[in-house]
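K.L.:
The primary structure of each chain is shown beneath.
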Amino acid sequence: MAIDRAQVRHVARLARLALSPEEEERFAAQLGHVLEYIERLQAVDVSGVEPLGFAGDTAAAAPLREDAPRPSLSRETVLAQAPQQDGEAFVVPRIIE
Amino acid sequence: MPLADFEPVIGLEVHAQLLTRTKIFCACSTQFGAEPNTQVCPVCLGLPGALPVLNKAAVEMAIKAGKAFGCRIAERSIWARKNYFYPDLPKGYQISQYELPICVGGAVPVPGLRKIALERIHLEEDAGKNIHAEGGSEVDLNRSGVPLIEIVGKPELRSAEEASEYLKALRLSLIYLGINDGNLEEGSFRCDANVSVRRKGESKLGTRVELKNINSFRFVRQAIDYEIGRQVELVEKGGKVALETRLFDNEKGVTRPMRSKEEANDYRYFPEPDLQPLLVSQEWARSVSVPPLPQEVMDALTAAGVPQADARTIVNDPTLVEVHRRVGGDPKRAALFVVGELARAVNEREADLAALKFDPALVREVWKLQDAGAISSTAAKDVLAELIRTGEAPAEIVERKGLAQVSDSGALEAVADAVIARNPSEVEKYKGGKANLLGFFVGQAMKDLKGKGNPGALNALFKKKLGS
Amino acid sequence: MSPDLLPLSQLSQALAAGSISPEALLEASLARIRALDGKVHAFLRLTADEALAAARASGQRRAAGKALGPLDGVPVALKDIFCMSGVETTCGSKILRGYVPPYDATVVRKLKQAGAVIVGKLNMDEFAMGSSTENSAFGPTMNPWDLSRTPGGSSGGSAAAVAARMVPGTFGTDTGGSIRQPAALVGCAGLKPTYGRVSRFGVIAFASSLDQVGPFAQDVRGVALLLAAVAGYDDNDQTSSTRPVPDYAKALEQGVRGLRIGVPREYFGEGLAPEVEKAVRAGIEKLRGLGCEIREISLPNSPHAIATYYIVATAEASSNLARYDGVRYGHRAKASQLLEMYEKTRAEGFGAEVKRRIMLGTYALSAGYYDAYYLRAQKVRTLIRRDFDRAFESVDAVLSPTSPTTAFRLGEKMDDPLAMYLNDVYTVPANLAGLPGISVPCGFDSKRLPIGLQLIGRPFEEETILRIAHAAEPAEHPLPPLVEGR
Numbered sequence: 009m010a011i012d013r014a015q016v017r018h019v020a021r022l023a024r025l026a027l028s029p030e031e032e033e034r035f036a037a038q039l040g041h042v043l044e045y046i047e048r049l050q051a052v053d054v055s056g057v058e059p060l061g062f063a064g065d066t067a068a069a070a071p072l073r074e075d076a077p078r079p080s081l082s083r084e085t086v087l088a089q090a091p092q093q094d095g096e097a098f099v100v101p102r103i104i105e
Numbered sequence: 006m007p008l009a010d011f012e013p014v015i016g017l018e019v020h021a022q023l024l025t026r027t028k029i030f031c032a033c034s035t036q037f038g039a040e041p042n043t044q045v046c047p048v049c050l051g052l053p054g055a056l057p058v059l060n061k062a063a064v065e066m067a068i069k070a071g072k073a074f075g076c077r078i079a080e081r082s083i084w085a086r087k088n089y090f091y092p093d094l095p096k097g098y099q100i101s102q103y104e105l106p107i108c109v110g111g112a113v114p115v116p117g118l119r120k121i122a123l124e125r126i127h128l129e130e131d132a133g134k135n136i137h138a139e140g141g142s143e144v145d146l147n148r149s150g151v152p153l154i155e156i157v158g159k160p161e162l163r164s165a166e167e168a169s170e171y172l173k174a175l176r177l178s179l180i181y182l183g184i185n186d187g188n189l190e191e192g193s194f195r196c197d198a199n200v201s202v203r204r205k206g207e208s209k210l211g212t213r214v215e216l217k218n219i220n221s222f223r224f225v226r227q228a229i230d231y232e233i234g235r236q237v238e239l240v241e242k243g244g245k246v247a248l249e250t251r252l253f254d255n256e257k258g259v260t261r262p263m264r265s266k267e268e269a270n271d272y273r274y275f276p277e278p279d280l281q282p283l284l285v286s287q288e289w290a291r292s293v294s295v296p297p298l299p300q301e302v303m304d305a306l307t308a309a310g311v312p313q314a315d316a317r318t319i320v321n322d323p324t325l326v327e328v329h330r331r332v333g334g335d336p337k338r339a340a341l342f343v344v345g346e347l348a349r350a351v352n353e354r355e356a357d358l359a360a361l362k363f364d365p366a367l368v369r370e371v372w373k374l375q376d377a378g379a380i381s382s383t384a385a386k387d388v389l390a391e392l393i394r395t396g397e398a399p400a401e402i403v404e405r406k407g408l409a410q411v412s413d414s415g416a417l418e419a420v421a422d423a424v425i426a427r428n429p430s431e432v433e434k435y436k437g438g439k440a441n442l443l444g445f446f447v448g449q450a451m452k453d454l455k456g457k458g459n460p461g462a463l464n465a466l467f468k469k470k471l472g473s
Numbered sequence: 091m092s093p094d095l096l097p098l099s100q101l102s103q104a105l106a107a108g109s110i111s112p113e114a115l116l117e118a119s120l121a122r123i124r125a126l127d128g129k130v131h132a133f134l135r136l137t138a139d140e141a142l143a144a145a146r147a148s149g150q151r152r153a154a155g156k157a158l159g160p161l162d163g164v165p166v167a168l169k170d171i172f173c174m175s176g177v178e179t180t181c182g183s184k185i186l187r188g189y190v191p192p193y194d195a196t197v198v199r200k201l202k203q204a205g206a207v208i209v210g211k212l213n214m215d216e217f218a219m220g221s222s223t224e225n226s227a228f229g230p231t232m233n234p235w236d237l238s239r240t241p242g243g244s245s246g247g248s249a250a251a252v253a254a255r256m257v258p259g260t261f262g263t264d265t266g267g268s269i270r271q272p273a274a275l276v277g278c279a280g281l282k283p284t285y286g287r288v289s290r291f292g293v294i295a296f297a298s299s300l301d302q303v304g305p306f307a308q309d310v311r312g313v314a315l316l317l318a319a320v321a322g323y324d325d326n327d328q329t330s331s332t333r334p335v336p337d338y339a340k341a342l343e344q345g346v347r348g349l350r351i352g353v354p355r356e357y358f359g360e361g362l363a364p365e366v367e368k369a370v371r372a373g374i375e376k377l378r379g380l381g382c383e384i385r386e387i388s389l390p391n392s393p394h395a396i397a398t399y400y401i402v403a404t405a406e407a408s409s410n411l412a413r414y415d416g417v418r419y420g421h422r423a424k425a426s427q428l429l430e431m432y433e434k435t436r437a438e439g440f441g442a443e444v445k446r447r448i449m450l451g452t453y454a455l456s457a458g459y460y461d462a463y464y465l466r467a468q469k470v471r472t473l474i475r476r477d478f479d480r481a482f483e484s485v486d487a488v489l490s491p492t493s494p495t496t497a498f499r500l501g502e503k504m505d506d507p508l509a510m511y512l513n514d515v516y517t518v519p520a521n522l523a524g525l526p527g528i529s530v531p532c533g534f535d536s537k538r539l540p541i542g543l544q545l546i547g548r549p550f551e552e553e554t555i556l557r558i559a560h561a562a563e564p565a566e567h568p569l570p571p572l573v574e575g576r
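Protein chains in written order, with our numbering: chain C, 9 to 105; chain D, 6 to 473; chain P, 91 to 576.
Hints should not be assumed to be uniformly reliable.
Said to hold, decoys possible - What follows is a set of in silico ranges between Cβ atoms, one per label pair, in the way DEER data are often shown:
id, chain 1, residue 1, chain 2, residue 2, range
1, D, Lys406, C, Thr85, 34 to 42 Å
2, P, Ala114, C, Gly95, 45 to 53 Å
3, D, Glu12, C, Gly95, 33 to 41 Å
4, P, Lys340, D, Glu40, 24 to 32 Å
5, C, Ser28, P, Arg124, 47 to 55 Å
6, P, Arg124, C, Pro29, 41 to 49 Å
7, C, Arg48, D, Phe37, 51 to 59 Å
8, D, Lys406, C, Glu84, 36 to 44 Å
9, P, Glu178, D, Gly258, 51 to 59 Å
These aren't lab readings, by the way, just hints derived from the structure by calculation.
Just so it is clear, CB atoms sit at the ideal spot from N, CA and C, and this is done for glycine as well.
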């Protein structure tokens with residue numbers, strides 16, 4: 009299945025990826041190639057088949073958590089890795105609602 | 006009047022924070038008002054490698070809501086990821102429920118209106134908070150991962166007033182259930198409204214507009230009314246309502262398009278692979294108890310003879326309901342206390358309902374003293390006021406303030422004899438037929454007793470002594 | 091033979107016997123890393139100071155007869171996908187360069203509790219996306235058997251470090267073959283446990299419903315010891331199973347007589363290198379000779395596995411990788427607007443393969459395509475699982491080649507993503523079905539490149555495939571020329 013550059017741009021926007029025109033072109037070709045391969049699934053008869061949902065062990069599933077608080081991280085630790093912060097919070101370019 | 010030609014169609018989506026101690030997918034505290042970013046951990050911070058672990062209490066609160074509103078509790082519901090980018094959404098997706106929610110159907114009874122049907126109630130996690138500041142926005146993730154239920158009502162509301170009544174009823178019910186604090190200002194009870202209009206008689210729904218940022222009952226009415234007006238005017242002029250999200254500007258009282266939502270939403274929902282399907286056995290659902298809802302309490306009060314208006318006052322304030330319950334005894338008398346002495350004390354700022362100083366059960370002791378004639382009804386009022394203010398034991402209040410009534414027959418007799426001896430002419434007149442002088446004698450005796458005499462006993466005593 | 095060249099289980103015995111100390115073992119390990127890693131590039135960083143302290147503590151325990159278990163004092167290394175408190179963890183990506191997690195993955199915690207000495211973090215394809223380790227943002231890893239070739243991927247560093255005898259045991263993750271394929275390509279044993287057997291907490295996610303942690307070692311017994319140390323329920327991971335963990339090493343004593351092994355005809359078709367087939371068939375004969383019953387079986391939906399995998403894995407990845415947004419940690423691009431910040435940060439931080447997969451996964455989940463791609467793929471996944479369920483009614487394990495070819499040259503498949511994806515054709519089905527799989531060496535091709543055979547077992551029956559792998563593995567573990575020539 010072919011995918012054009014406009015679709016590539018739309019998907020890149022959804023995924024928050026800035027692509028150069030060269031990348032757009034290359035991805036359109038490569039993704040088209042992969043999608044063409046994936047197309048084979050359309051021929052599989054899946055009528056009446058439930059999608060595989062949860063991959064884990066439903067026969068010995070993990071219990072739910074009791075509602076008891078545990079200590080959080082220190083704010084210093086929380087903010088330590090941030091590209092921009094002001095000692096209290098993470099800082100990002102101004103959000104316009 | 007063009008407005009009259011149109012019918013507004015309103016559906017509300019309410020996000021209510023659940024009163025769990027910890028977040029929905031991690032053990033961080035949910036306490037409101039902490040310093041920014043002090044209640045976060047790898048999970049709610051969206052650190053690489055962190056995984057969600059579901060809080061059982063959050064599920065039980067959702068079940069409670071579902072049972073209260075008569076929803077079907079799904080034996081198997083599915084977690085889904087709602088994918089979008091926003092600085093307050095650490096993982097880049099919100100864990101929510103999409104195709105299979107935990108509660109389906111049901112309805113919210115709205116007093117004086119009707120039952121408003123629900124689409125569903127589902128569990129999800131809250132996002133953090135963006136604080137818009139000069140030169141940038143700050144991100145506080147304390148709220149990230151706080152459990153929410155989203156209560157999706159069917160579009161059965163027909164006016165801003167109805168919407169507001171529905172919201173009030175819903176809020177009160179959630180507070181009764183003990184699963185939400187109903188605080189609109191702090192954002193623990195939030196409302197989005199879907200509003201459309203159609204010409205009367207038409208069955209097809211108009212294009213709906215989603216209204217956000219309406220955080221008080223007044224704003225709900227304002228925002229919806231404004232939006233109805235805007236849409237009707239638009240349609241009247243031959244325009245078309247655009248499917249969009251609008252923000253309510255509570256300073257200007259208008260709605261405006263949300264710029265960050267201009268881009269078409271494509272949330273790319275898919276089942277959350279990190280969480281097993283949520284299985285709620287019938288046994289589990291059955292074991293979750295549902296306390297009485299406002300209507301039931303209302304019915305019980307009126308059945309006990311509490312006047313409608315008093316019952317309404319009590320029901321509308323869950324704290325009053327709680328006090329009424331704890332006072333116990335005769336429901337009517339307890340109601341009188343709650344809407345009388347207690348309400349007065351609250352009005353005069355002598356009592357704080359949020360931090361009651363007294364044990365309501367002590368009210369019954371005051372009644373006991375009054376019924377036994379140990380204090381007068383006037384004194385009883387004083388004792389109750391003092392009880393509310395200080396929490397002191399009634400007997401001690403009576404003692405400290407010297408409110409005990411003299412009922413001892415020997416003491417009363419001595420005083421009565423003295424009064425009769427001092428007032429021979431009145432005695433004459435009384436015996437001559439002026440029966441209303443009885444009050445005079447009792448009054449004299451009360452004066453001698455500094456107001457602490459038992460008026461009933463004195464009455465009887467004078468009658469006996471003066472032989473009538 | 092120098093004791094540090096011994097396979098893990100024998101090293102563990104030597105430690106227990108006191109014939110070598112944890113400190114000496116660590117020293118030998120670090121010396122070999124320093125001597126060889128300039129050529130192999132298995133490691134992204136060493137944690138020598140922490141390792142030294144751990145080895146000393148272990149030495150004291152060993153001397154006092156208070157060893158914590160068979161791994162006490164054994165040097166191990168971890169794929170750079172495991173979060174380790176205070177140690178930079180990059181997942182092979184520029185977007186996480188310099189990122190220092192504030193917590194230990196459960197696997198790391200358990201290894202520390204077992205007394206293992208963690209010597210460093212290993213190279214990998216960026217976010218575990220790749221089959222050659224060439225997608226690492228920090229340069230590729232070379233195959234110790236031929237430095238011009240790939241050790242496979244994505245856990246290429248984990249495989250190469252074991253093959254080059256830098257450490258006796260390592261851990262990796264396997265989403266579509268990322269443990270088994272590199273194990274095969276470097277000639278060591280590598281196990282992907284049942285989904286849910288090992289906690290994923292603290293393991294940086296690629297595709298949540300497929301990712302699973304597993305060990306590498308020269309010997310199958312070593313793999314069994316490593317698995318036992320990390321397996322089990324974790325209350326931080328709701329996908330982990332509460333089933334008890336058996337004694338895997340003890341299970342090896344049971345032998346293989348009478349076990350029924352299914353050989354699926356779909357795994358011996360087009361694309362399989364003749365020399366690989368020959369070695370695998372020889373392995374089958376060896377097992378027959380040991381008393382296994384060999385049956386031909388069919389897994390008819392396996393040919394759909396790669397297509398299914400590249401939808402499910404990329405869809406989940408597109409969501410899992412959304413958190414790398416430049417807000418709380420990792421790289422952030424210079425930008426004055428929020429949208430620009432997101433788009434540039436992610437454009438600068440992610441490599442080409444990661445971007446491709448995010449794009450593919452986003453596309454597969456986007457409005458209008460969900461049913462045709464993601465939902466359909468999850469249905470085919472059910473069919474693939476049913477194939478195995480049916481097969482396991484009549485056999486105890488499934489045997490196949492691990493990889494269709496031996497190690498390919500670096501750069502050979504970099505321009506053709508699809509060709510690279512097809513490398514995983516035999517390994518992907520076990521991930522889709524959540525089953526345990528192991529690759530064990532079964533010989534060499536004419537270029538003296540290692541060949542591996544794969545065994546797939548029933549859910550939570552790691553013991554069975556470990557027993558068969560143990561029977562199939564060669565008595566000797568030949569050294570690559572690089573190590574011999576030292």
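K.L.:
May I ask you to test the hint 47 to 55 Å on the CB atoms belonging to Ser28 of chain C and Arg124 of chain P?
P.N.:
Distance hint for Ser28 of chain C, Arg124 of chain P is violated at roughly 40 Å.
K.L.:
Do the beta carbons of Arg124 of chain P and Pro29 of chain C sit within 41 to 49 Å of each other?
P.N.:
holds, 45 Å
K.L.:
Using the beta carbons of Arg48 of chain C and Phe37 of chain D, state whether their distance is inside 51 to 59 Å or not.
P.N.:
holds, 54 Å
K.L.:
Looking only at beta-carbon atoms, does the pair Lys340 of chain P, Glu40 of chain D fall within the given range of 24 to 32 Å?
P.N.:
At 53 Å between Cβs, range violated.
K.L.:
The hint says 36 to 44 Å between Lys406 of chain D and Glu84 of chain C; measuring C-beta to C-beta, is that right?
P.N.:
Since the Cβ atoms of Lys406 of chain D and Glu84 of chain C sit about 56 Å apart, the hinted range of 36 to 44 Å is violated.
K.L.:
Given a hinted range of 34 to 42 Å, is it respected by the beta-carbon distance of Lys406 of chain D and Thr85 of chain C?
P.N.:
violated, 58 Å
K.L.:
Would you say the C-beta atoms of Glu12 of chain D and Gly95 of chain C sit inside 33 to 41 Å of each other?
P.N.:
For Glu12 of chain D and Gly95 of chain C the Cβ distance comes to about 53 Å; the hint is violated.
K.L.:
Should the hint that Ala114 of chain P and Gly95 of chain C are 45 to 53 Å apart at their CB atoms be regarded as holding?
P.N.:
Given range 45 to 53 Å: holds, Cβ gap about 47 Å.
K.L.:
At the C-beta level, are Glu178 of chain P and Gly258 of chain D separated by a distance inside 51 to 59 Å?
P.N.:
Cβ of Glu178 of chain P to Cβ of Gly258 of chain D: about 53 Å, so the range 51 to 59 Å holds.
Checked against the numbered hints given earlier, the structure breaks hints 1, 3, 4, 5, 8 and satisfies all the rest.
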